[in-house]
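S.K.: For the protein sequence lines, the chains are A, B and C, in the order given. Under our numbering, the first sequence has 145 at position 145, and the numbering climbs by one with no breaks. Under our numbering, the second sequence has 1308 at position 308, and the numbering climbs by one with no breaks. Under our numbering, the third sequence has 2040 at position 40, and the numbering climbs by one with no breaks.
No lab work stands behind these hints: they were computed from the structure. Any given hint could turn out to be false.
Straight-line distance between alpha carbons at most 30 Å, and here's what the computed DSS-like set of lysine-lysine pairs gives [said to hold, decoys possible]:
hint	chain 1	residue 1	chain 2	residue 2
1	B	LYS1179	B	LYS1155
2	C	LYS2161	B	LYS1344
3	C	LYS2066	B	LYS1338
4	B	LYS1178	C	LYS2161
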Amino acid sequence: MQKVFARPQSMLETTSHFCPGCHHGTVHRLLCEAIDHYGIRENTVGVPGVGCGVFLYDYIDIDVCEAPHGRAPAVATGMKRVAPENFIFTYQGDGDLGAIGFSEVVHTANRGENITVIFVNNSVYGMTGGQMAPTTLLGQRTTTSPRGRDLRNDGYPLRMTEMLAALEGVVFAARVSLHTAAHVKKARKAVMKAFHTQLEGTGFSFIEFISACPTNWNLSSQESVNRIEKEIIPYYKTGIFKEKDGGG
Amino acid sequence: MLQGCVALAEGAIAAGCRYYFGYPITPQNDIPEYLSGRLPQVGGVFIQAESEIASINMLLGASAAGARAMTSSSGPGISLMQEGLSYMAGSELPGLVVNITRIGPGLGGIASSQGDYWQATRGGGHGDYRLIVLAPNSVQEMYDLTIKAFYLSDKYRNPAMILADAILGQMKEPVRLKKPPVEIPHKPWALTGASGRKAQIIKSLYLGDGEMEEHNWHLYEKYEQLQRRDTLVEIDVDDNADILLISFGSCSRMVQSAVGMARSRGLKVGFVRPITLFPFPHDTIRELSREVGRVLTVEMNTGQMWDDVRLSLHPGCRASLLARPGGGIPSPAQILSKMEKLLKAGDKVAEGIC
Amino acid sequence: MYYDIILSGFGGQGILLTGDLLASAAMLEDKHVTWMPSYGVEMRGGAASCTVVVSSTRIGSPISEKIQGLISMSKPSLLKYQGRIRSGGLLVLNTSFADPDLVEREDITKICLPASEIAYQEVGEYKMANMVVLGAFAAHSGVVSLEKLEEAAEVLLTGRKKKLVPVVKKALNCGGSYKKYVRAVQPVKG
Chain A
1 MQKVFARPQS MLETTSHFCP GCHHGTVHRL LCEAIDHYGI RENTVGVPGV GCGVFLYDYI
61 DIDVCEAPHG RAPAVATGMK RVAPENFIFT YQGDGDLGAI GFSEVVHTAN RGENITVIFV
121 NNSVYGMTGG QMAPTTLLGQ RTTTSPRGRD LRNDGYPLRM TEMLAALEGV VFAARVSLHT
181 AAHVKKARKA VMKAFHTQLE GTGFSFIEFI SACPTNWNLS SQESVNRIEK EIIPYYKTGI
241 FKEKDGGG
Chain B
1001 MLQGCVALAE GAIAAGCRYY FGYPITPQND IPEYLSGRLP QVGGVFIQAE SEIASINMLL
1061 GASAAGARAM TSSSGPGISL MQEGLSYMAG SELPGLVVNI TRIGPGLGGI ASSQGDYWQA
1121 TRGGGHGDYR LIVLAPNSVQ EMYDLTIKAF YLSDKYRNPA MILADAILGQ MKEPVRLKKP
1181 PVEIPHKPWA LTGASGRKAQ IIKSLYLGDG EMEEHNWHLY EKYEQLQRRD TLVEIDVDDN
1241 ADILLISFGS CSRMVQSAVG MARSRGLKVG FVRPITLFPF PHDTIRELSR EVGRVLTVEM
1301 NTGQMWDDVR LSLHPGCRAS LLARPGGGIP SPAQILSKME KLLKAGDKVA EGIC
Chain C
2001 MYYDIILSGF GGQGILLTGD LLASAAMLED KHVTWMPSYG VEMRGGAASC TVVVSSTRIG
2061 SPISEKIQGL ISMSKPSLLK YQGRIRSGGL LVLNTSFADP DLVEREDITK ICLPASEIAY
2121 QEVGEYKMAN MVVLGAFAAH SGVVSLEKLE EAAEVLLTGR KKKLVPVVKK ALNCGGSYKK
2181 YVRAVQPVKG
C-alpha cells in the first residue's frame, strides 16, 4: 500500500493543544514541509514571539529561541549575523508584529535582513483572550471593542504585507489564507518561495497567513471559514505583493 | 593613552566580542563610533539598531547563537532595555550591556551621575533576577573589567553590566593592553541548529506546576555562587582607622584624593571600593565596620549604594552619607572637610545625610 | 611630584590635542597622568578646555578645583578660570586673543605671549599658537621636557597629521625660548 499523506519528518509527534478550527497547526505543517523539502532541519532556528505562536517548540523538532513580545525580528537579526549559514525564521502574531513589534519588523525588513518572517493574522489577541488587534476589522467585536471596532476611536485595520512590500529591503512578500484546500496549496507554494529566498541569500521574506481564531471569534470552525471568505479576504487580499528578481 | 570609551571597546575586542548592537545616546557615543570602524577590521559586525529595545534583543539573539556580543547606552536607553535584560536573565543568556550614565530621572542631563545604581543592581526589569554589575574607576579598569565582565557573564550565563559615567568615558589615561588569550567557553546550549543532537530551546516561559519556582531557585543559587566566589573589592585601610570611606566608580577617585589628603594631615582612615556592585562586598564591609566605628559613604546620587552599605554594617557602626545627585562632583576638599567634621563630632553626630 | 593644569580656549584652537600632548609626554617620562576634557553643558558656546594631572604617584581625582597652572587661549577662558589658579601658580596667556590687562591675579607667575603672532612669524601658521604656549609652559614649569613633548608629538600625530610633526616641533621650541618674545616675565610679587 502506498502512503500518500504523512507527518513531515521535522514535525514532532504530539497531540495539538490548539483550539479546534485554529490554523496554527496548518502553518506549522507547511513550515515543516518546507524544512524537510530543503533538508534544513539541522541548521534551522525558529524565533517565536509572544502569543499562541510561542508554543512552536512543542510541535516542530528544531532549535527554538523565545523572543520578548514583538522583538523576534531583532532577535533573529542577532542570530543571523552570528550564523549567516543558518536558516532563521520568526513566527509572530498580529499583536506581536503589527502593534508592539511594528518598529522591529519594519527596520529588520528595511535592512534587508536575510530572514523569513511568518506572520499569523487572526485579527485578535488570541492568547490573552480575544482583545482588539491592529488587524481587527472595522465593526468587529472583541473583548476590548465590545461595540465593534470604531474607525473614529480605533483607526483602520493594518495591512502589513502591503506596507512591507513597499520597502526596498523586502525581496518576497505574500498574503495567503488557509481556509480552503486551494488556498492551502497556494500557501505551500508561497512558503517554499520564501524559504528559497533566504536560502539564496537575497534578503527579507515575509508571509502573512490569514488564520482563524474560532474561540475568540465566538464562531464554529465552519463559520470561521465562512467569515474568512466573506469578511476577511475582501479586506486582506491574498496574493504575492512583492517578488524581486532573485527571490523564489 | 586611551579614552575610557575606547579602552572599553578595545577590552571587548580583546575578550573576543565581535558583535555590537546599539542606538545613539550621549554620553556614550564614542563607543559605537569607535566600534563601527573597529569591528569590521576584526571580522565583526556592527549594527546601528532602530532603538535600544531592538539593540538588546539583537544582543539576545547573538548570545543565543553562542557569540560574545554587547550593547551600550545611557540611562534612558538602559530603561528601554530592561525587558530584554529580564528575558536574558530568565533565559540564562550571557551578554554585556554598558551604561555610561546620565543624570535622571527623565531626560535629566548628561553630566556624571551614579543615579542608576538601583536600576543596575536591583534588576530594573521584572522578575527575580540580578545583573552582574562591575564599576570601573579608571581607564585601565574600563579595559580590564570589560574583559572580566564577558568572562563572568559566560561563567554564570547571566547578562553583565559595566556601570560607568561620562568622567570615565571621556577621560584619557595610560592603559596597558594585556592581550589575554581569548577563552570563550564551549556553549553546548547555544542554538546552532539541531545537528547531531536533539533540538534545543532557549526560553523563559515555564507554565508547568512548580517549574517556575524551581527555575527561580536555580537562578538564586547562581547569584549566591557569584557572591561567594566573584565579589571584587579594593581595600586600603590604615591600622586603627577612625573612619571608613566607601565609594565606587568615578566618585571613588575624588575619595582617593581626599584619603591621601587626610593621611598627610595625620588622620587614620580607611577606603573601600566595591568593584562589583552586584555581588556587593557585604562581608568585607561588615568585617571592616566592626573594627572602624564610623563609615562615610560618598556617592553621586541621593544615597543608593548607601542602602547596601547599611545592610552590611556591623551593628553599632555609625553610617553617614555625602551625596551629590545633580551632576555636581564631590571635591576632595569637600570630602575631607566632612570627614574631619564627623571625626571631631565623635558620637555626637547622628547617622544620616551630612 | 604632583601638578594639575587646565588648558582652555575656543574650539578649533587645538586645546584638547595640546592637553593630550602634555599628558602623553608626561607618560613617556613614566609619570601617572590623567586627561579630562570638559563635557556636558560646559561644552556649549564654542569653549574648549581640559584638565591634565601629572603625578609621580597614583592619581585620585582627574579634575581639580584649584590648579597650579592655567593655559588660556581666549578671553572667556581667562575670565572663567583665572580665579582657580593657586596662589603662586602659573598662567600662560595667549595675548593674541586675550588682553593681559584682564588678568586680575597679582599672586601668580604670568607668561603673556602673543602666541598666534609668534606662530605665524616663526612657523608660518597661526594655528600653531597652542604649541607655542605649551612649549613656554614646559620650559618654565619643568613639568615635562621639550624633548619628551617632541617625542609625544611623533607618537600622537599619525596618518594625515604626520606632516605636521616638524612644524609642531619648531613651534614647541619657539615657545621654549619664550623669553625672547616677552618684554618681561612677571614673577610672583612679594
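S.K.: Run every hint past the structure and note whether it holds.
M.R.: Evaluated hints:
1. At roughly 20 Å between alpha-carbon atoms, LYS1179(B) and LYS1155(B) fall within 30 Å of each other, so this suggested pair holds.
2. With a C-alpha separation of about 56 Å, the suggested pair LYS2161(C) and LYS1344(B) falls outside the 30 Å cut-off, and the hint is violated.
3. The suggested pairing of LYS2066(C) with LYS1338(B) holds, with an alpha-carbon distance near 18 Å, which does not exceed 30 Å.
4. Between LYS1178(B) and LYS2161(C) the CA atoms are separated by roughly 28 Å; this keeps the pair inside 30 Å, and the hint holds.
Checked against the numbered hints above, the structure breaks only hint 2 and satisfies the rest.
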